[in-house]
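**Q** Work out the full structure, taking the sequences as your base and the hints as a guide.
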Amino acid sequence: MDFIDLKPIDLQHTPLGTHIKNPNRHEWQLDWERLAWLIHDNQDVIAMVQAGLAEDWLNTHGTIWDDKWGYYRYPNDYREFDDTVFWAASTWETPAILVTFHNELAKSFACYKHGADPDFHYLGRDHD
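The sequence shown begins at 22 in this note's numbering and counts up one residue at a time.
Treat each hint with caution, since some may be false.
[Said to hold, decoys possible] Below, a list of computed lysine-lysine pairs in the DSSO-like style, where the Cα atoms sit at most 27 Å apart:
| # | residue 1 | residue 2 |
| --- | --- | --- |
| 1 | K28 | K128 |
| 2 | K28 | K134 |
| 3 | K128 | K89 |
[As the list claims (entries may be wrong)] Here are the simulated distance ranges between beta carbons:
| # | residue 1 | residue 2 | range |
| --- | --- | --- | --- |
| 4 | N45 | D140 | 12 to 22 Å |
| 5 | K89 | W58 | 20 to 30 Å |
| 6 | F122 | L79 | 36 to 46 Å |
| 7 | P44 | V66 | 33 to 43 Å |
| 8 | K128 | W90 | 18 to 28 Å |
| 9 | K134 | N63 | 14 to 24 Å |
| 10 | N80 | R46 | 12 to 22 Å |
| 11 | E125 | I25 | 13 to 23 Å |
| 12 | W58 | P29 | 38 to 48 Å |
I should point out that these hints are in silico values taken from the structure, not numbers from a laboratory. Here a beta-carbon is modelled for each residue, glycine too, at the ideal position from N, C-alpha and C.
**A** Below, the structure written as structure tokens:
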């Protein structure tokens with residue numbers, strides 16, 4: 022799998038305390054299988070991968086993988102706690118990933134499939 026297979030997306034932020042009735046537009050969840058293949062096929066150029074919802078990135082993202090630890094057991098675990106809550110599914114937002122490359126360039130991509138499973142599905146071996 023290559024990055025050309027993914028659609029670039031802009032990451033946005035919804036201020037905390039915003040109370041809008043969110044529309045029910047779709048049922049999208051993070052495509053864990055596609056994400057695993059992307060990391061597997063490109064880990065020689067990737068420094069870190071984060072995932073969350075594009076329309077409210079700052080409040081929904083978590084680190085999934087990096088070149089030092091490999092797969093994180095849970096997003097926002099003890100290695101990088103930043104007070105965010107990881108979200109992997111939405112009825113109106115777009116599940117997305119932010120890839121930071123070894124050259125420090127970062128790019129964001131939509132990465133979803135039909136579904137409503139909000140859980141983090143652990144992709145790698147447990148790190149003790």
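**Q** If you check the beta carbons of W58 and P29, does the distance land in 38 to 48 Å?
**A** 18 Å, violated
**Q** So does K128 sit 18 to 28 Å from W90, Cβ to Cβ?
**A** 21 Å, holds
**Q** For F122 and L79, compare the CB-CB distance with the range 36 to 46 Å and indicate the outcome.
**A** 21 Å, violated
**Q** For K28 and K128, compute the direct alpha-carbon distance and say whether it is at most 27 Å.
**A** 11 Å, holds
**Q** Within 14 to 24 Å or not, the Cβ separation of K134 and N63?
**A** 19 Å, holds
**Q** Falls inside 20 to 30 Å, the C-beta gap from K89 to W58?
**A** For W58 against K89, whose Cβ atoms are near 21 Å apart, the range 20 to 30 Å holds.
**Q** Does 12 to 22 Å hold as the CB distance between N80 and R46, or does it fail?
**A** Cβ of N80 to Cβ of R46: about 19 Å, so the range 12 to 22 Å holds.
**Q** Tell me if the straight-line CA distance from K128 to K89 falls inside 27 Å.
**A** Given pair K128, K89 holds - Cα atoms ~19 Å apart, limit 27 Å.
**Q** Range first: 13 to 23 Å. Now tell me if the beta carbons of E125 and I25 are that far apart.
**A** 21 Å, holds
**Q** Range hint 33 to 43 Å: satisfied by the CB atoms of P44 and V66?
**A** 37 Å, holds
**Q** Would the pair K28 and K134 pass a check requiring their Cα atoms to be no farther apart than 27 Å?
**A** Roughly 13 Å between the alpha carbons, so the hint for K28 and K134 holds.
**Q** N45 and D140, beta-carbon distance inside 12 to 22 Å?
**A** 20 Å, holds
Checked against the numbered hints given earlier, the structure breaks hints 6, 12 and satisfies all the rest.
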